[in-house]
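Participant: Residue-level listing of the chains:
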Amino acid sequence: MFVLSLKNVTVDRAGGPVLKDVSFTVQPGTLCALVGPNGAGKTTLLKAVLGLVAYRGQIRAVGDLGYIPQALRPTEPFPLTVLELVAAGCPRRSWWWPAAFQGASLAALDQVGMAHLAQRPVGKLSGGEFQRVLLAHALIAERRILLLDEPTTGLDSTGIDDLFELLARLRGDGVTMLMVCHELSWVTRWADWVVCLNQRVIAQGKPLVALSAHNLALAYPGRPPGGYGELN
Amino acid sequence: MANLIDLLQYPFMVRALLGAVLLGVVCPLLGTLVILKRMAFFADAVAHFALPGVVLALGLGWSVGGFLTGFCMAAALVILWVKNQTAQAADTVLGVFSATAIALGVVLLSWLPGYQGQVWAFLFGDILAVGWVDLGVLLGLGGLVVAFMIFTLQAQVLINFQPDLARVQGFAVGAIEIVFVLLLAGVVATAIKLVGALLVTAFLVIPAALARNVAKSYIQMLLIAPVVGVVGAVVGIVASAVLNTPSGPMMVLVQAGLFLGSLVVVRK
Numbered sequence: 001m002f003v004l005s006l007k008n009v010t011v012d013r014a015g016g017p018v019l020k021d022v023s024f025t026v027q028p029g030t031l032c033a034l035v036g037p038n039g040a041g042k043t044t045l046l047k048a049v050l051g052l053v054a055y056r057g058q059i060r061a062v063g064d065l066g067y068i069p070q071a072l073r074p075t076e077p078f079p080l081t082v083l084e085l086v087a088a089g090c091p092r093r094s095w096w097w098p099a100a101f102q103g104a105s106l107a108a109l110d111q112v113g114m115a116h117l118a119q120r121p122v123g124k125l126s127g128g129e130f131q132r133v134l135l136a137h138a139l140i141a142e143r144r145i146l147l148l149d150e151p152t153t154g155l156d157s158t159g160i161d162d163l164f165e166l167l168a169r170l171r172g173d174g175v176t177m178l179m180v181c182h183e184l185s186w187v188t189r190w191a192d193w194v195v196c197l198n199q200r201v202i203a204q205g206k207p208l209v210a211l212s213a214h215n216l217a218l219a220y221p222g223r224p225p226g227g228y229g230e231l232n
Numbered sequence: 001m002a003n004l005i006d007l008l009q010y011p012f013m014v015r016a017l018l019g020a021v022l023l024g025v026v027c028p029l030l031g032t033l034v035i036l037k038r039m040a041f042f043a044d045a046v047a048h049f050a051l052p053g054v055v056l057a058l059g060l061g062w063s064v065g066g067f068l069t070g071f072c073m074a075a076a077l078v079i080l081w082v083k084n085q086t087a088q089a090a091d092t093v094l095g096v097f098s099a100t101a102i103a104l105g106v107v108l109l110s111w112l113p114g115y116q117g118q119v120w121a122f123l124f125g126d127i128l129a130v131g132w133v134d135l136g137v138l139l140g141l142g143g144l145v146v147a148f149m150i151f152t153l154q155a156q157v158l159i160n161f162q163p164d165l166a167r168v169q170g171f172a173v174g175a176i177e178i179v180f181v182l183l184l185a186g187v188v189a190t191a192i193k194l195v196g197a198l199l200v201t202a203f204l205v206i207p208a209a210l211a212r213n214v215a216k217s218y219i220q221m222l223l224i225a226p227v228v229g230v231v232g233a234v235v236g237i238v239a240s241a242v243l244n245t246p247s248g249p250m251m252v253l254v255q256a257g258l259f260l261g262s263l264v265v266v267r268k
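Chains A and B supply the protein sequences, listed in that same order. When we follow the numbering used here, the leftmost residue of the first sequence carries the number 1, and every step to the right adds one. When we follow the numbering used here, the leftmost residue of the second sequence carries the number 1, and every step to the right adds one.
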């Protein structure tokens, strides 16, 4: 049984293939981590699953997909409140959306512990708060499969811990997650399944199996032995 | 005050004030999207195409108003397409188009016989010469802009924040962008007659920029921008009548003064 299945997925660009014959499945209620070096095709793979880039092969998703993009917190004055952003994610449409979907928005924000910041401008959130708001944005749409693109970017180790604890709670509620992540030690601790990618699938399996020294050397060519931090 | 009441006895002044109010609502509403999308120079580039547009219409003997709107819309679509196709920075592409438009206009103008005063009128505009037909067109465009804002507001939040989020939500991002640039070109082409090609961008950008300075939410920004636009336009036109100065530049100066004031009051 799976909620997400990729079979021989290939994405071509002008300079050559970005992804070649990628196949794996994601089981329901699990956290699947997608790891690999920069340029490995991780974000492209998420976009292929979302239908944002053209691909060859087969992708099947059982349920609606939510997306947490690799978004940097807006630094310039962007007069958008947390509530307005989350409410805009509601699958229903309203021209006066913040008021129309206020209840659902606050409930989604409550799920990620952010209801008290509903009226704060998005630009004034910390990196960790911002990632939680993006999660609430996906949750208000009641998406049961979340695709997260490097949600730990810009977070310190405490922020990463907090985020993974929140993701684990969502997993406990039955939410399935496919997450691009560079933090291998956290992946080892929290992920149920790991897909090691570098244009093609190098390895997949339980974290300690997929992230063996041999597989990491294949996935991250040129990186010095022991260059994977505390993992090794 | 007596002078002001006297001025309102003149039908051209009443039309000018109505035009100022309409401009003050329509341009800043669209302007909120212009600045959030960082498209101020896009509007400017489209406005530059007014020069070759007017010259072509005069040369072909066609009605300037209708032709100019179509010409600016076509130019906007071409600029958008090129901007989306190239790896060059947006301001580079817009700089190329702005300069090309002016150069094309001047070359075309050199081929027209005699003095073409109408061309200069379009460059600098004259709100006191606005007619009822112009006001009707502006009102109709204003209705379209308001309808567009209402129907796409929820999508615009996501498009301006992170376009892929809007696509995943099922919003037709590409179609919304095309309708937006067509409306923008239509408003620019119509407003040029009132305030001139050189100053029309100010009406789009300044009230919206002020609103962004003071607003604490997106909704507040949408409500504040048209209020600033109307106040700036009406005060400006009255000041121009009292001081006997050109009306378009006076309206822009008042709006700019309000903007600078907001920078002093609100420090982020």
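Hints were generated in silico from the structure; no laboratory data involved. Ideal placement from N, C-alpha and C gives every residue a C-beta, glycine not left out. It is possible that part of the hints are untrue.
Quick list of the computed label-pair ranges, beta carbon to beta carbon [claimed, not checked]:
#1 B:A172 - A:G113: 55 to 63 Å
#2 B:G131 - A:G113: 16 to 24 Å
#3 B:A172 - A:S157: 54 to 62 Å
#4 B:L223 - A:D192: 18 to 26 Å
BS3-like cross-link-like pairs, simulated, lysine-lysine; straight-line CA separation at most 27 Å [as the list claims (entries may be wrong)]:
#5 A:K7 - A:K20
#6 A:K124 - B:K216
#7 A:K206 - A:K20
#8 B:K83 - A:K124
#9 B:K37 - B:K216
#10 A:K7 - A:K206
Participant: Now tell me, hint by hint, if it's right for this structure.
Facilitator: Outcome of the hint check:
1. About 34 Å separates the C-beta atoms of A172 (chain B) and G113 (chain A), a value inconsistent with the hinted range of 55 to 63 Å.
2. Our hint of 16 to 24 Å for G131 (chain B) and G113 (chain A) is violated, since their Cβ atoms are close to 60 Å apart.
3. Checking the proposed 54 to 62 Å range against A172 (chain B) and S157 (chain A) shows it is violated: the Cβ atoms sit about 41 Å from each other.
4. For L223 (chain B) paired with D192 (chain A), a C-beta distance near 48 Å fails the hint of 18 to 26 Å.
5. Pair hint K7 (chain A) plus K20 (chain A) holds up; C-alpha atoms about 11 Å apart against a cutoff of 27 Å.
6. About 11 Å separates the Cα atoms of K124 (chain A) and K216 (chain B), which keeps this hinted pair within 27 Å; it holds.
7. Between the alpha carbons of K206 (chain A) and K20 (chain A) the distance comes to roughly 22 Å, so the proposed pair stays at or under 27 Å and holds.
8. Between K83 (chain B) and K124 (chain A) the alpha-carbon distance is near 31 Å, which puts this suggested pair outside the 27 Å criterion.
9. For the hint pairing K37 (chain B) with K216 (chain B), the CA-to-CA distance comes to about 18 Å; that is within 27 Å, so the pair holds.
10. Distance check on the hinted pair: K7 (chain A) and K206 (chain A) sit about 20 Å apart at the alpha-carbon level, within 27 Å; holds.
Hint violations for this structure: numbers 1, 2, 3, 4, 8, all remaining hints satisfied.
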